[in-house]
Amino acid sequence: MPIAINQETPTKPQWLDSLQRDGYVVVPGVLPADKALSYADKAYAWVEDFGLGYKRDDPSTRTLDKLHFFAKGGLTNRYGVAHEQFIWDIKQEPALIEKFEQIWGTKELLVSFDGMNVSIPVIGRKEDDDVFKPWAHVDQSPLIPDLYCVQGIMNLVPNGPDDGGLMVLKGSAALYSQLFDAFDDVKPERGWNKIDRHNHTPEQLQWLYDNGCEWHKVCAQPGDLLLWDSRTVHYGATPSAQSDRVAVYCCYKPAKYADAAAHTRRQDAWEKKLNSSHDPVSFWLVQREVPEDHPTHAINVARPLQEPVLTARGRQLIGLDPY
Numbered sequence: 604m605p606i607a608i609n610q611e612t613p614t615k616p617q618w619l620d621s622l623q624r625d626g627y628v629v630v631p632g633v634l635p636a637d638k639a640l641s642y643a644d645k646a647y648a649w650v651e652d653f654g655l656g657y658k659r660d661d662p663s664t665r666t667l668d669k670l671h672f673f674a675k676g677g678l679t680n681r682y683g684v685a686h687e688q689f690i691w692d693i694k695q696e697p698a699l700i701e702k703f704e705q706i707w708g709t710k711e712l713l714v715s716f717d718g719m720n721v722s723i724p725v726i727g728r729k730e731d732d733d734v735f736k737p738w739a740h741v742d743q744s745p746l747i748p749d750l751y752c753v754q755g756i757m758n759l760v761p762n763g764p765d766d767g768g769l770m771v772l773k774g775s776a777a778l779y780s781q782l783f784d785a786f787d788d789v790k791p792e793r794g795w796n797k798i799d800r801h802n803h804t805p806e807q808l809q810w811l812y813d814n815g816c817e818w819h820k821v822c823a824q825p826g827d828l829l830l831w832d833s834r835t836v837h838y839g840a841t842p843s844a845q846s847d848r849v850a851v852y853c854c855y856k857p858a859k860y861a862d863a864a865a866h867t868r869r870q871d872a873w874e875k876k877l878n879s880s881h882d883p884v885s886f887w888l889v890q891r892e893v894p895e896d897h898p899t900h901a902i903n904v905a906r907p908l909q910e911p912v913l914t915a916r917g918r919q920l921i922g923l924d925p926y
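Sequential numbering from 604 applies to the sequence shown in our numbering.
The set of hints was computed from the structure by calculation and includes no laboratory data. Backbone N, C-alpha and C define an ideal beta-carbon position, used for all residues, glycine too. Treat the hints with caution; some may be incorrect.
[Unchecked claim] Across the chosen pairs, the derived CB separations fall in these ranges:
1) V912 / D749: 33 to 39 Å
2) D668 / E730: 19 to 25 Å
3) Q890 / P805: 27 to 33 Å
4) A915 / E651: 28 to 34 Å
5) P907 / A863: 29 to 35 Å
[To be verified] Subject to a maximum C-alpha distance of 25 Å in a straight line, what follows is the list of computed DSS-like cross-link-like pairs (lysine-lysine):
6) K645 / K675
7) K702 / K615
8) K615 / K773
9) K658 / K729
10) K859 / K615
11) K702 / K859
12) K675 / K773
13) K820 / K773
14) K859 / K876
15) K675 / K658
16) K820 / K729
17) K702 / K638
Sequences are here, hints too, so could you generate the full structure?
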């Protein structure tokens, strides 16, 4: 089924034009700054509750042995974190939902079960550590050339040029089809990925640079919403200064695109309190447990199943109740 950004809103917001033109946009002040900062406090409390020794006000506790498991760029998607109450409170915020209603031209949406980013500069890590290396990618199959998903991040603390965060390759969304056409002769033996993921090679990035694309660090204030077309090449940068990054991933998509199988998978993820990848319809699941053989995180702390309180709209966004 074709998918398209809504073009029929009588008062189409300017940020929606920017999203279509540039492949990304920052929508300022979607949540009040004080509310965003209060959500950040809950994220810090979540990290402290592991009992590993991390204290937000004690810089000496910024060590791997005192922190929860996180992936590159501070991506936190284990432990079923997507189902913590404060994350559901954010995803049920009417002002946030409204922006995706404007994108798609419908109130009948489903929301992702993706998690958050808590990127805390770790003491002693060297600049050549793999965690600092860019991981340019898109969360969309190369086999799908058109608009497929609009991803989102609710920013919770001040996020400046050196504070880590979303890096976007400006102009890459418009060149999506041309890029893969240009590299058709060197595609994998089994063809391009069918799943919603492609990691760009140095040669593919150079092709994009040669065609005018440039990296841009997206900066934001507490309560700002970051949006980007899934065809935009991007990655989450690790802070290079001493400031933390705290943000929640949020993605909504029209419910009409989900078939019975997608609803069944969503129901199963909800019951087991599992995280998902970004797209609410086409997604894979992330287990609660930390990989046992992970090279930098030997501590495996389990978290109890969450039972978040939902609003009536929240139940619809999950798919528990019909629209």
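Each hint tested on the structure:
1. A beta carbon spacing of about 38 Å between V912 and D749 agrees with the range 33 to 39 Å that was offered as a hint.
2. For D668 and E730, the hinted distance range of 19 to 25 Å is satisfied, since their beta carbons lie about 21 Å from each other.
3. Checked against the given bound of 27 to 33 Å, the beta carbons of Q890 and P805, roughly 31 Å apart, stay inside it.
4. As the Cβ distance of A915 to E651 is approximately 32 Å, the hint placing it in 28 to 34 Å holds.
5. The hinted range of 29 to 35 Å is satisfied by P907 and A863, whose Cβ atoms lie roughly 31 Å apart.
6. Our distance criterion of 25 Å between C-alpha atoms is met by K645 and K675, whose separation comes to about 22 Å.
7. Distance check on the hinted pair: K702 and K615 sit about 11 Å apart at the alpha-carbon level, within 25 Å; holds.
8. The suggested pairing of K615 with K773 holds, with an alpha-carbon distance near 23 Å, which does not exceed 25 Å.
9. Proposed proximity of K658 and K729 is supported: the alpha carbons are some 22 Å apart, at most 25 Å.
10. With a C-alpha separation of about 22 Å, the suggested pair K859 and K615 falls inside the 25 Å cut-off, and the hint holds.
11. Annotation: proposed proximity of K702 to K859 holds, straight-line Cα distance about 18 Å (limit 25 Å).
12. Of the supplied pair hints, the one linking K675 and K773 holds, its CA atoms being roughly 21 Å apart against a limit of 25 Å.
13. Distance check on the hinted pair: K820 and K773 sit about 10 Å apart at the alpha-carbon level, within 25 Å; holds.
14. For the hint pairing K859 with K876, the CA-to-CA distance comes to about 23 Å; that is within 25 Å, so the pair holds.
15. For the suggested pair K675 and K658, the alpha carbons sit about 21 Å apart, so the restraint of at most 25 Å is met.
16. A hinted pair counts as satisfied when its Cα atoms are at most 25 Å apart, and K820 with K729 qualifies at roughly 21 Å.
17. A threshold of 25 Å between alpha carbons decides the hint, and for K702 with K638 the separation of about 18 Å falls inside it, so the pair holds.
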